[in-house]
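Peer 1: These are the residues of each chain, in order.
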Amino acid sequence: MTSLNGRTASLNGLSRRSLIKTGAAGATLLSAPGLLMAQPAPVKLGILQPVTGNLAQDGEYGRIGAEAAINEVNAAGGIKSLGGAKLEMVFGDARSNPEGGTQEVERMHAEGVAAVVGGFASPICLAASQAASRYDLAYVVDVGVSDAIVSRGLKNTFRFGPGFGTVTKAAIENLVKLNDAAGKPARTVVLVHEDGLFGTGLAKLMNERLSALGFQILETIAHPTPARDMSNVALRIRALNPDLVIPSSYYGEFVLLARTMQQQRIRPKGIYAVLNGAASNFRFVKEFPEAAANVMDCNHWADPRKPKTAELRKQVEATGRFWLYNTPLNYSCVRLVADAIERAASRDRVKIIEAITASTFADHIMPYGPTRFENGQNLGAGPVNTQIQGGDIKVIFPAEFADAKPVYPVTG
Amino acid sequence: MFHSYPPQIVLEAVLNGLLTGSVYALVALGLTLVYGVLHIINFAHGALLTLAMFAVLMVHLGLGLDPYLAIPVLTPLFFGLGYGLQRLVIGPASRNDDGSILLVTLGLSIILENALLAVFRSDTRALTLDYSFQVVDLGFALLSLPRVIGFGVAILVAVVLWAVLSLTDTGKAIRAVAKEKLGAALVGIDVRHIYAVTFGLGTACIAIAACLLMPSFYVNPRVGNAFVLVAFTVVVLGGMGSIPGALIGGLAIGAVESLCGLYLGESLGQIGIFVIFILVLLFRPTGLFGAKA
Numbered sequence: 000m001t002s003l004n005g006r007t008a009s010l011n012g013l014s015r016r017s018l019i020k021t022g023a024a025g026a027t028l029l030s031a032p033g034l035l036m037a038q039p040a041p042v043k044l045g046i047l048q049p050v051t052g053n054l055a056q057d058g059e060y061g062r063i064g065a066e067a068a069i070n071e072v073n074a075a076g077g078i079k080s081l082g083g084a085k086l087e088m089v090f091g092d093a094r095s096n097p098e099g100g101t102q103e104v105e106r107m108h109a110e111g112v113a114a115v116v117g118g119f120a121s122p123i124c125l126a127a128s129q130a131a132s133r134y135d136l137a138y139v140v141d142v143g144v145s146d147a148i149v150s151r152g153l154k155n156t157f158r159f160g161p162g163f164g165t166v167t168k169a170a171i172e173n174l175v176k177l178n179d180a181a182g183k184p185a186r187t188v189v190l191v192h193e194d195g196l197f198g199t200g201l202a203k204l205m206n207e208r209l210s211a212l213g214f215q216i217l218e219t220i221a222h223p224t225p226a227r228d229m230s231n232v233a234l235r236i237r238a239l240n241p242d243l244v245i246p247s248s249y250y251g252e253f254v255l256l257a258r259t260m261q262q263q264r265i266r267p268k269g270i271y272a273v274l275n276g277a278a279s280n281f282r283f284v285k286e287f288p289e290a291a292a293n294v295m296d297c298n299h300w301a302d303p304r305k306p307k308t309a310e311l312r313k314q315v316e317a318t319g320r321f322w323l324y325n326t327p328l329n330y331s332c333v334r335l336v337a338d339a340i341e342r343a344a345s346r347d348r349v350k351i352i353e354a355i356t357a358s359t360f361a362d363h364i365m366p367y368g369p370t371r372f373e374n375g376q377n378l379g380a381g382p383v384n385t386q387i388q389g390g391d392i393k394v395i396f397p398a399e400f401a402d403a404k405p406v407y408p409v410t411g
Numbered sequence: 000m001f002h003s004y005p006p007q008i009v010l011e012a013v014l015n016g017l018l019t020g021s022v023y024a025l026v027a028l029g030l031t032l033v034y035g036v037l038h039i040i041n042f043a044h045g046a047l048l049t050l051a052m053f054a055v056l057m058v059h060l061g062l063g064l065d066p067y068l069a070i071p072v073l074t075p076l077f078f079g080l081g082y083g084l085q086r087l088v089i090g091p092a093s094r095n096d097d098g099s100i101l102l103v104t105l106g107l108s109i110i111l112e113n114a115l116l117a118v119f120r121s122d123t124r125a126l127t128l129d130y131s132f133q134v135v136d137l138g139f140a141l142l143s144l145p146r147v148i149g150f151g152v153a154i155l156v157a158v159v160l161w162a163v164l165s166l167t168d169t170g171k172a173i174r175a176v177a178k179e180k181l182g183a184a185l186v187g188i189d190v191r192h193i194y195a196v197t198f199g200l201g202t203a204c205i206a207i208a209a210c211l212l213m214p215s216f217y218v219n220p221r222v223g224n225a226f227v228l229v230a231f232t233v234v235v236l237g238g239m240g241s242i243p244g245a246l247i248g249g250l251a252i253g254a255v256e257s258l259c260g261l262y263l264g265e266s267l268g269q270i271g272i273f274v275i276f277i278l279v280l281l282f283r284p285t286g287l288f289g290a291k292a
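Just so you know, the sequences run in chain order A and B. Here numbering that gives the first Met the number 0 is used: the first residue of the first sequence is 0, the next is one more, and so on. Here numbering that gives the first Met the number 0 is used: the first residue of the second sequence is 0, the next is one more, and so on.
Any given hint might turn out to be false.
[As the list claims (entries may be wrong)] Simulated restraints, written as ranges between beta carbons of each label pair:
#, chain 1, residue 1, chain 2, residue 2, range
1, B, LEU267, A, ARG133, 32 to 38 Å
2, B, ILE109, A, GLY213, 40 to 46 Å
3, A, LYS183, B, ARG283, 53 to 59 Å
4, B, LEU281, A, ARG106, 56 to 62 Å
5, B, LEU228, A, GLY390, 50 to 56 Å
6, B, SER99, A, GLY83, 33 to 39 Å
7, A, ASN70, B, GLY151, 37 to 43 Å
8, B, GLY151, A, GLU110, 42 to 48 Å
9, B, LEU267, A, GLY390, 55 to 61 Å
10, A, LYS203, B, ARG191, 54 to 60 Å
11, A, ASN70, B, ILE109, 29 to 35 Å
12, B, ILE109, A, ARG133, 27 to 33 Å
13, B, GLY83, A, LYS203, 50 to 56 Å
14, B, LEU155, A, PRO306, 54 to 60 Å
By construction, these hints were calculated from the structure, which means they are not laboratory data. Just so we're clear, the structure is a prediction, and the values are computed from it rather than from any experiment. Idealized CB from N, CA, C, for every residue including glycine.
So here's chain A without its partners, still in its complex pose (with noise of 0.2 Å):
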């Protein structure tokens, strides 16, 4: 109501603009209690990975999985059982070091989330699992193979992927089928190695189990991460002539070496490489095809016969990225967490934790049955191995997943 004079008239003391005001804000509350009804506040999901470091690109293509699983979960209407509450991302970068991952960690748990995921390294894994134990929260770790992270006793801490232990005895076994497939070709044995956690415990293990089997261990090489030249691995393994060459690094060192021994003429009768970094790469399939042929693997893999597999491939290459192991094991660790909170119906993170410890899951996209966890361990997991033919990467064991028949040894 506008007087003559232009001024706003007053009407029992309220003026018509705050009269507007005040009834909108009464709706606004009236309202409210709906508005919460049709959405529920978010469920907050920690995503950890180190994207900056020299781990960078195996955090990105974690992160990537990760993603993708998220935005299905909220595509397929949330976490029915919590009214359609939507899963929402709190990322944390690692930096490639335990001190980072222990840091997000704490963040995590200020920002108030249910659950985390991720770590990649085995290091990094260790310390931000103990890390999140103190809040009785879920970590749930993606790749980490080292075996001590799940031999601590800690409730919280789940293993979705297989250890080292189980990797390498698996690589071993198939190792021997291969071989005595082939009429037992190789006897003799190099290892190259990371020096670091995952690395050195591998070479142990493969060592001592290697060894018993009859293989002659000609030498075990450890390298640091960067390492600048592979020249003196090369020499050593073109000195010492060994049958079979088995490498456990990451990928800029193992891309390095295969190029140094194809430049250095070295042709063992087989690349046998456990937990690779490259070996499962397209990238370097893609680069460095002549060095890459034939190299074989024993390492996490996506299970090449289930549709959904193909489909989050197509996904991840349509945005021009390569097709890595990180990202459906991410995939599948972020729904086994969804599954668990669906499950637990509530964002209480103890009962988180027991409907993990419960868990079954069997809707991921690894050659894995359902979840079965021992001590944080998922005891249905466990490796593939693959082999770099023609230019892409076909598994060769277990026979039941294979799409491919080993080419072994390796002539010419």
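Since chain A is already given, all that's left is putting chain B on it; use the hints.
Peer 2: Quick look at chain B alone, frame taken from chain A:
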């Protein structure tokens, strides 16, 4: 841990070490030049090397330019970049005599590294060239062709740089500024210009090192740090500010690293470098060739 190897293997390891050492020398040349004249420890040196390596990658993928042919293109570009950085960032920041310039170069390094991460993402990339896998067969040793070329060019660059500093007017001005900044200014030398030229020369050395590395190495947003840490050792060994010192120091460190790697293992081999670093600091802090520019 200790192995015995035939002399041929030991010789080949030494030769490989010298080839790697020539790249260390080239990276150290830029570092030592900047330190010798500007008295700045440039922590952004590694990030600039990474930037140069990505530049080599881009001109190869975008323009089809071979890394060796990229030398005449990228060297002046990086000289200009170094010149500009000194005039616009390093110079103004170094006026405060409180050591804050170290933080500025460190900050520059972090900015560059993260900018490269944002633009190129975290993937490790490498070039596959026709000659990447070719070797020079000496009969008793197989040496990587790109690394042999790198060795030759690195020696050439060191000699040219030494000649420029010794024989040209600009070189003499650089040496004069390094020795006595105030005196040089009094005789009419534009000290600010000379500082920028020196920083430009140091950055140009990095561009050449990047062109020599790319045919046989890989690149990711942090790769430069792997070379710069060892380049600091080379600078200390050779003598801060010394061009011959950087060259001899680089080759010596390369050979020591390679031999330690052969006998002690690659991981422990790197200890050899740091043992040298500590010994030089303890017993000859001015390095093998003193602190002459």
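Peer 1: Provide an ascending list of the numbers of those earlier hints which the structure does not satisfy.
Peer 2: Numbers 2, 4, 5, 6, 7, 8, 9 - these are the hints that the structure violates, sorted from lowest upward.
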